[in-house]
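Asks: Here are the chains, one letter per residue:
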Amino acid sequence: MSRSVILPHEVDWGGWRSAARALALEGVPPEDVVWSVRAPDDLFADASEEPAAAPPAGTFNVPRALVDLAQTVIQAREPARFALLYQLLWRAHAGERHLLEQVTDPDVQRANRLAQAVRRDTHKMRAFVRFREVAEPEGTRYVAWFEPDNYIVEANAAFFVRRFATMVWSILTPYRSAHWNGEELSFTAGAARADIPDDDRLEAYWRAYFSSIFNPARLKIGAMTSEMPRKYWRNLPEAAAIPELIRGAAARVSTMVEAPTISPAKPARIPDAAPPTLDHLPDTKLRRAAIEAASCRACPLWEPATQTVFGEGPADARLMFVGEQPGDQEDLAGRPFVGPAGKMFDTALAEAGIDRAAAYVTNSVKHFKFEPRGKRRIHAKPDAGDIAACKFWLDLEQQEVQPAVTVLLGATAARAVLGRVVTISRERSRPIALTGNRQALVTVHPSYLLRLPDEASRQREYAAFVADLRQAMTLLDSSAS
Amino acid sequence: MDLLQKLEILADAAKYDASCASSGTEKRSSAGEKTGIGSTEGMGICHAYAPDGRCISLLKILLTNSCVYDCLYCINRRSSNVRRARFTVEEVVTLTLGFYRRNCIEGLFLSSGIISNPDYTMEQVVRVARTLREEHGFRGYIHLKTIPDADPALLLEAGRYADRLSINVELPTEGSLAALAPEKNLPGIRRSMGRMRLRIDEAKAERKSPRFAPAGQSTQVIVGADKSSDRDILAMSTNLYGSYGLRRVYYSAFSPIPDASAALPPDHAPLVREHRLYQADWLMRFYGFSAPELETDTAGNLDLSIDPKLSWALAHRDQFPVDVNTAAKEMLLRIPGIGVKSVNAILRARRYRSLRMDDLARLRLPLAKISAFVIAAGHTGGSAGLDGERLRQRLTPRPVQSDLFG
Chain A
304 MSRSVILPHE VDWGGWRSAA RALALEGVPP EDVVWSVRAP DDLFADASEE PAAAPPAGTF
364 NVPRALVDLA QTVIQAREPA RFALLYQLLW RAHAGERHLL EQVTDPDVQR ANRLAQAVRR
424 DTHKMRAFVR FREVAEPEGT RYVAWFEPDN YIVEANAAFF VRRFATMVWS ILTPYRSAHW
484 NGEELSFTAG AARADIPDDD RLEAYWRAYF SSIFNPARLK IGAMTSEMPR KYWRNLPEAA
544 AIPELIRGAA ARVSTMVEAP TISPAKPARI PDAAPPTLDH LPDTKLRRAA IEAASCRACP
604 LWEPATQTVF GEGPADARLM FVGEQPGDQE DLAGRPFVGP AGKMFDTALA EAGIDRAAAY
664 VTNSVKHFKF EPRGKRRIHA KPDAGDIAAC KFWLDLEQQE VQPAVTVLLG ATAARAVLGR
724 VVTISRERSR PIALTGNRQA LVTVHPSYLL RLPDEASRQR EYAAFVADLR QAMTLLDSSA
784 S
Chain B
547 MDLLQKLEIL ADAAKYDASC ASSGTEKRSS AGEKTGIGST EGMGICHAYA PDGRCISLLK
607 ILLTNSCVYD CLYCINRRSS NVRRARFTVE EVVTLTLGFY RRNCIEGLFL SSGIISNPDY
667 TMEQVVRVAR TLREEHGFRG YIHLKTIPDA DPALLLEAGR YADRLSINVE LPTEGSLAAL
727 APEKNLPGIR RSMGRMRLRI DEAKAERKSP RFAPAGQSTQ VIVGADKSSD RDILAMSTNL
787 YGSYGLRRVY YSAFSPIPDA SAALPPDHAP LVREHRLYQA DWLMRFYGFS APELETDTAG
847 NLDLSIDPKL SWALAHRDQF PVDVNTAAKE MLLRIPGIGV KSVNAILRAR RYRSLRMDDL
907 ARLRLPLAKI SAFVIAAGHT GGSAGLDGER LRQRLTPRPV QSDLFG
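Quick mapping for you: the protein sequence lines, in order, are chains A and B. Each residue of the first sequence is one higher than the last, beginning at 304 in the working numbering. Each residue of the second sequence is one higher than the last, beginning at 547 in the working numbering.
Chain A with its partners taken away, still in its complex shape (with noise of 0.2 Å):
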């Protein structure tokens, strides 16, 4: 036997529910049952409800996607939504799982593009109202004509609030209006046209704006009404624009080619500035080496780097950290030593009571090379040739500094300042004699503790780094006596 469902209006999402739950446990199939709505008239001429009939007992769980699926659906301009989508309840009742997830099924498909149709209406309409502001006794009203394809002003009203919660708006629409007090959410029955004024006083500004932000060289007439159909152009101010700016769009391009074109003014004197991670430095002969550094090609690490890092510390620092080179973060800092090496670098620092501020710490290349990685850029160890190119730099830095103790962290550094290829574990932590009277001590670099790979392991690293640290204070202190 055919059963009848009469909702009070469009888009009773909450009278559905319940009429189409209570079929499904009744088990009355989709094929008995007839959905229709009352019309228009009748939802806000009669208030009185009928008393809802008593729901049959029992319950069943629906699949969440299918509740928003329908809640969307459900504000679609097609009578023959609730059919569908009770069928897809049905469906689901009846143990079909992961029936939303067939995308390619008949009834999925249905109810999957007319949901995308609401969106699209949804978005157009978040797009597309244009308010137009009413003075009143009371204060300043917006009013708005729009005219959606779809049931969507009720669920799209929310966003109005989110958006334009302090003001006092309306949105009038042929089927359904809704009104913001400033406080409160309320609908009446559709408007006409003619109910909203006329003109605004921003209408023709906004209307300049969009002629002038149109470039005449770029026609894409498709391209525009694609996104922009023309059944919204009546209720678009700026639309009114569109036809001359097609019209003119030609002339103005020949206009602009075909004219004299002007030469080139001399270049303004800009001076050149230092970069900014170098304004704290006195002006000496390391500042202004790493003002010249800035602008380094010695060799082809530049081009994808951002910035030349070059060495920070006093002048007359007595010790000084050579590392390998800047990674990303010291890229994009400019500074040495700032990325997750450069804090455990500090960390063992702390430890081993050597105050940062007071050293000179520097690299044996001075930009980062590295592969590019998707959004990464991976470390690439510098070779032979990317040392030697740099090591004019270095060598400056010495120089100028003349540390009485040099600290060499890693293989790179060691090679850089010994000029041969060291091992690491086997000259650690032995003191290097350097010309000068000076003193090198070889150790790891902080960010091999960073890549081992067990707590054990990493714990007894570290400690070995600290004690190397200590020792170069030990021969500082013993330099300066």
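Be a bit skeptical, because a hint or two may be false.
[As the list claims (entries may be wrong)] Calculated cross-link-like contacts (lysine to any residue; reagent style SDA-like; alpha-carbon spacing at most 25 Å):
1) B:K580 x A:E457
2) A:K646 x B:R757
3) B:K730 x B:R757
4) A:K678 x B:N785
5) B:K915 x A:A526
6) B:K573 x A:R429
7) A:K678 x B:V886
Please keep in mind that the hints were generated in silico from the structure rather than gathered at the bench.
Once you've looked at the hints, dock chain B against the given chain A.
Replies: For chain B alone, coordinates are given in the frame of chain A:
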């Protein structure tokens, strides 16, 4: 000069910036608030489309089109005879709020010619954003153009008020920049981008750190004003995405400007070239392609007649046909004519049934384009169709896109 004239001049001066995005920022709402206005909900809204097909989402204007620089491709350069105008801070604020209340825009994209010096200019731009946010409780979207090497304190303030910051690299190589924009300084641009990335990452990683440009940073490069090849441009993009975590690189085909410089091509670069670069950019960001993999001609340029994915597939026919029922996602993404959404739909649908060509049709895939490249249940793919020049001819769109060429 009245406000309407200023608006005309300063919008006209801003139209060569392609970006109008208002997506991807934090969620903000005015619900429950007593003052202020506006909201952002992740996805931006295009409130209108101009006849150039570009979305109008933001009020995109310059604070002033006076500029001390003489970048040859720019309508606002010092040597141009264009009419000059300058908004006051209050005028920009009034227009932004007025248009916003009428639901014409998602917010403001403010840029400026360089007046006096970078710090002064940046200070003026930041003042507009500060006034909107602090005096008017504006919760809409703000995109500020950053002036390279302006005081880091100003940058920090800009990031506090703006959703997005951007600096345009304009040209893909330092050589081109030196020739066409002699006063611009690429190292300065890159340093600023690096600084912005650090701040953006920091703000994202730690809740306590100050808010900084939640919609990230972007840039724009002009295509066709210099001799750089598509390969040069894509290498630059790869570097910028990797180094600075840019949300977007915008490509803007050079188009003629009034009062053009004698040193520039008089006519525009084909818009289809810009389109191919966007497609290649998408392939790199969402389809697992790397720049060197993309097919280019000996001059390093993408094929204008077919899209870069089809171009790659035609050059790698040995990797096809691909079985839509068994292939890994990475390979599905390489089938010409199938987008990311469709790949996901295929992956979902094939869990429940063996897909046939009708299923693919139901997913609205272009069967004519894909049939040679795929195997489906009851469809053995294109062993016959995959060889020979015919395939390329059959899949090359007819050159009727007069719209695209302007």
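Asks: Does each hint fit the structure? Answer for all of them.
Replies: Here's how the hints hold up against the structure:
no. : hint            : result
1   : B:K580 x A:E457 : holds (23 Å)
2   : A:K646 x B:R757 : holds (23 Å)
3   : B:K730 x B:R757 : violated (29 Å)
4   : A:K678 x B:N785 : holds (9 Å)
5   : B:K915 x A:A526 : holds (22 Å)
6   : B:K573 x A:R429 : holds (16 Å)
7   : A:K678 x B:V886 : holds (18 Å)
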